[in-house]
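Q: From first to last, the protein sequence lines stand for chains A and B.
Residue 0 is where the first sequence starts when you use numbering that gives the first Met the number 0, and the numbers rise one by one after that.
Residue 0 is where the second sequence starts when you use numbering that gives the first Met the number 0, and the numbers rise one by one after that.
No lab work stands behind these hints, which were simulated from the structure alone.
Hints may contain errors.
Taking beta-carbon pairs under 7 angstroms as the criterion, some of the chain A residues facing chain B (in silico) [unchecked claim]:
{"#": "1", "residue": "578"}
{"#": "2", "residue": "581"}
{"#": "3", "residue": "605"}
{"#": "4", "residue": "608"}
{"#": "5", "residue": "611"}
{"#": "6", "residue": "618"}
{"#": "7", "residue": "625"}
{"#": "8", "residue": "627"}
{"#": "9", "residue": "654"}
{"#": "10", "residue": "657"}
{"#": "11", "residue": "659"}
{"#": "12", "residue": "663"}
{"#": "13", "residue": "670"}
{"#": "14", "residue": "673"}
Idealized CB from N, CA, C, for every residue including glycine.
What follows is the residue order along each chain.
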Amino acid sequence: MSDQLAVFNGIDVDSGDYLLPPLKAKDFAQILVGLPTDGEAKARLNLLRAWLASRKQPSAGAIAGVDLLKLEETGWGVIFAFGANPAIKEALNPLLEHRRKQAASNGDYYHEYISENAFRPDETTAKWLVRQGASSNGPANPNKVPYYLLIVGDPQAIPYRFQYQLDLQYAVGRIYFDSLAEYDQYARSVVAAETSQPTGNPRAVFFGVHNSDDPATALSANELVKPLADFLDKDQAKWKNVPTWTIETVLEQEATKARLGIVLGGDQTPDLLFSASHGLGGFVPGDPRQERQQGSLICQDWPGPKEGRGQALSPDYFFGADDLGDDAQPGGLLAFHFACYGAGTPQMDDFSRQAFHEQTEIAPRPFVAGLPKRLLGHPRGGALAVVGHVERAWGYSFLEQGASSALVRQLDVYQSTITQLMQGYPIGLAMDYFNERFASLSIDLNQELEDISYGKQVDDVALANMWTSNNDARNFVILGDPAARISVAMGATQGAPEEKAKREPVIIAPSAIASGSVASTEQAHSQMDAFTQPVGMAITPTLAGSQPGTALPTLPPGAASYGLFDGVPSAFQEARQRLVTTLQQFTEKLGETIQKAASDMSSLEVRTYVSDNLSAVGYENGAFTGPVQLRAVTHINLDGDSSVCVPETEGRVDDALWSIHMDMVEKAQVNRAEMLKTAVSAASGLLAALKSL
Amino acid sequence: MTNVVTNPVVVEHTETVFELTSGPSANGAVQMLGLWQALPQPIAKGDEVSFSVDEALQTGSAVWRADLPANTELASRYMAGAESNNHLAPAKLEEAANRLDTFVTSAAAQAGLSFEAYAHHDVSVVGEPEQDLWGLLREISNGEAPVNREAPVVSYGIPDALGGAAAQTIQQFQAFLDLVSQALAHYAWVETRAAGEVLGLTSVGWTGDVDVAWLLGLTSDQESLHQRNLALVLASRRTLLKTLALASQGAVTLAKISVLVSTPFGPVLALAAAWRFINRVLEEGGLGSRVS
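Okay, chain A solo, but in the shape it has when bound (with noise of 0.2 angstroms):
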């Protein structure tokens, strides 16, 4: 495995490619060298170290004598964004109900952080605590603010930066919708799941895509969903107290789009549903499929990398948003997508800024993904949760640097998160196995890069492991309730054949409340948040391969609004086609070297030949060929040995020659580290430009 690439669970959704181009540690380490160490991170540091210390108490992630399980211990808190539309706290109003009978039974633990006491624009996690006279780090104190934190508002008004942040320290959800009728659906889906019978027979589905000729979803569904899957099918016998399980797994050929309809939301749905999959991205920013569409699942049915490249991605091969029809049934499912872009899509590519120090923007706003809204808000009842990745999923996210430099499976956070999870536990208590990892991830990360920063020698791909895993661990996000929890027969017996308690659909009336659009209602936050609006202007057409008629987004103010080059002559589409393939052409070539290079890279060697007549020597299959004589060779591993053939002759050194051949090997070394650094950077601005193409 230690050849395995970095590579990432995204599609571009117009040319049918990897997001970015997949690369080995080794050479993606190079490229993130000259990580930023900021103030900013330096000061993460710090809360970080803090808090990982807190973790050595017995209540981990409370104050000493709470009991996570139980919120009337923990507390329970929904925080608003400032000037939020008041409908939208009408609207959850059974849920709040609900906690605050729950949270509040033995003392004053609810709390609704709201006008005074909101998220307030551009308020840090640190300081939003301590307003609320709670202390920025260590361990959360239900006394002042709550374990379980519901965030509702989009990652506009309360970023998710916040969420991230907040979460090492508290549980921490977020719900977002664009209707008020989706709030009060979900609050009451919620509800139904915690006071309807719970379940004695329990599901849970493993769903992982395996594309051909992909690398990514080999790996995530050989080394972590099948894996997960049976580990959790023999694990579950030591559990007490626990229903039996009935864990399925849909791998590879099965795992099409038809049958991920069935489990997600059709009548095969489980309670617990884990996939792992590609998410689709590449959306130019602004195009207004974006926010709908930005992370949808992509299915067994995609041909893979190489079949289906240059070709937009069809419908037929991911599910999204909109194939969750208004008859489907997600109620009470708990819902874990392993994807790029799963749970939601940043305003900044963090991979851009981190790597290549430039701020990349790949949606006009920050957003939350559209399947996930549309699984929590369903009105037929919506999902307790989902659990998604904000940004690109890596493929390391499973796998670290083991102690002979290979990369093994390490699926303990996983393990230990799906096992509480099917224990019932609140699924902000169980993703603290996540925050944990990122917490320490982090702290690593940021002391490797001070000590780079002081003149170490930094390991490259040691390095690379710790950014994919840092970022990867950080940016799983909880959609839902973080209190909401899998409704399980606690105590049944191992393997009782009880029938599932059914589930009715919660069905809200249209007429049941205001069925005012929530984005429109939210004026007041949105002037507030004007300055934070990009004032970038980039605004440009799909990529080749897209459906004529498509809608393009909308123009600056004044300019006029069109489809995708109606009016504009053939002449110049097809001019525009041929300039698109060839630098789609050119960049996938350089992809490729970029990889092969990389495989190869183990060691260099310079070979030197003489001969009486070059005019007839040719080069076949990385020879030559003809009348030559090889004189000298010089093998240099990376590791620093080196092994070396002398030209002789009559017995002697060639000194003439040999001074010849070290000085090409010098060469050598020298153009390749600066060959491949100029690739990858090449190859990273031409992806950003094909985008916009």
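With the hints as your guide, set chain B onto chain A.
A: Coordinates of chain B only, in the frame set by chain A:
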């Protein structure tokens, strides 16, 4: 800047002289980096001087060939001329990036990225590349597409919107891209000849592995010619790749000019225009690529 000669021996030594033909699949590209000529057919032999890149049918890789005169001193002078230009490349590329940023920033500062306003203000036109870019944008602005903000639906007539320099720029960038694609797609095959006789052959793979074959009995000066030619080729490859990378990055910056933002062909034109600007800056250092 480029002269075509059939007998370089009669050419002044101080003049950089290269032979020119075009490659089999590099339509329109005639010269790269002010040095390398695209060849459509087997290179000339004899005393002609040429630095060429062609597609070697035998190997499938690009062949970078220096055809030098038999006179070693003269050959060394040709090489020195090429080297002196080539050494300027990194600095000129950096300069191009900075000047493009300055150009766009100036436009943004004066007109809020609005080309209509921009067109009525002085811009920081500091050199020929800026003037050229300014003219290109003006041509687009004068076409129908970008400035017709009144109409709810804009019709883009290619003769108007892509006539003249705009269409030419896209076409030239395509030709450049074609040639770069060929030149960088495989390993580099480097040949150094003197009076038609091959002095040295080198294959350099993307992984950095090197195979080099020397003609027996070379003088140290002749050996040096091939070493220098190899260094020239490697640097040229990097410069071409950097040019392409810089153009793609510059396109993002340039696309902020509203005249490009509001056209459906804006992104393509931004990319081509960014390359054209960079190429013009390189030309100032004798490093431009010439395409037709």
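Q: Could you run down the list of hints and mark each one as holding or not?
A: Hints versus structure:
Interface restraint check: residue 578 of chain A against chain B, minimum CB-CB distance 5 angstroms, threshold 7 angstroms, status holds. Interface restraint check for residue 581 of chain A: the shortest CB-CB distance to chain B comes to about 5 angstroms, inside 7 angstroms, so the restraint holds. For residue 605 of chain A, the interface hint holds, the least distance from its beta-carbon to any beta-carbon of chain B being 5 angstroms, beneath 7 angstroms. Residue-level restraint check for residue 608 of chain A holds (minimum Cβ-Cβ distance to chain B is 4 angstroms; threshold 7 angstroms).
About 5 angstroms separates the beta-carbon of residue 611 of chain A from the nearest beta-carbon of chain B, less than 7 angstroms, and the hint is met. Proximity of residue 618 of chain A to chain B holds as hinted, the smallest CB-CB distance being about 5 angstroms (cut-off 7 angstroms). Violation of the interface hint for residue 625 of chain A is found here, the shortest Cβ-Cβ separation to chain B being roughly 9 angstroms, above the 7 angstroms cut-off. Proximity of residue 627 of chain A to chain B holds as hinted, the smallest CB-CB distance being about 5 angstroms (cut-off 7 angstroms).
Taking 7 angstroms as the C-beta contact cut-off toward chain B, the hint placing residue 654 of chain A at the interface is violated, the least distance being around 12 angstroms. With its C-beta approaching chain B no nearer than about 12 angstroms, residue 657 of chain A sits outside the 7 angstroms limit, and its interface hint is violated. The closest approach between the C-beta of residue 659 of chain A and any C-beta of chain B is roughly 6 angstroms, which is under the 7 angstroms cut-off, so the hint is satisfied. For residue 663 of chain A, the interface hint holds, the least distance from its beta-carbon to any beta-carbon of chain B being 6 angstroms, beneath 7 angstroms.
The interface hint given for residue 670 of chain A holds, since its Cβ lies 5 angstroms from the closest Cβ of chain B, which is under the 7 angstroms cut-off. Contact between residue 673 of chain A and chain B, as hinted, is supported at the beta carbon level, the nearest pair being about 6 angstroms apart and thus within 7 angstroms.
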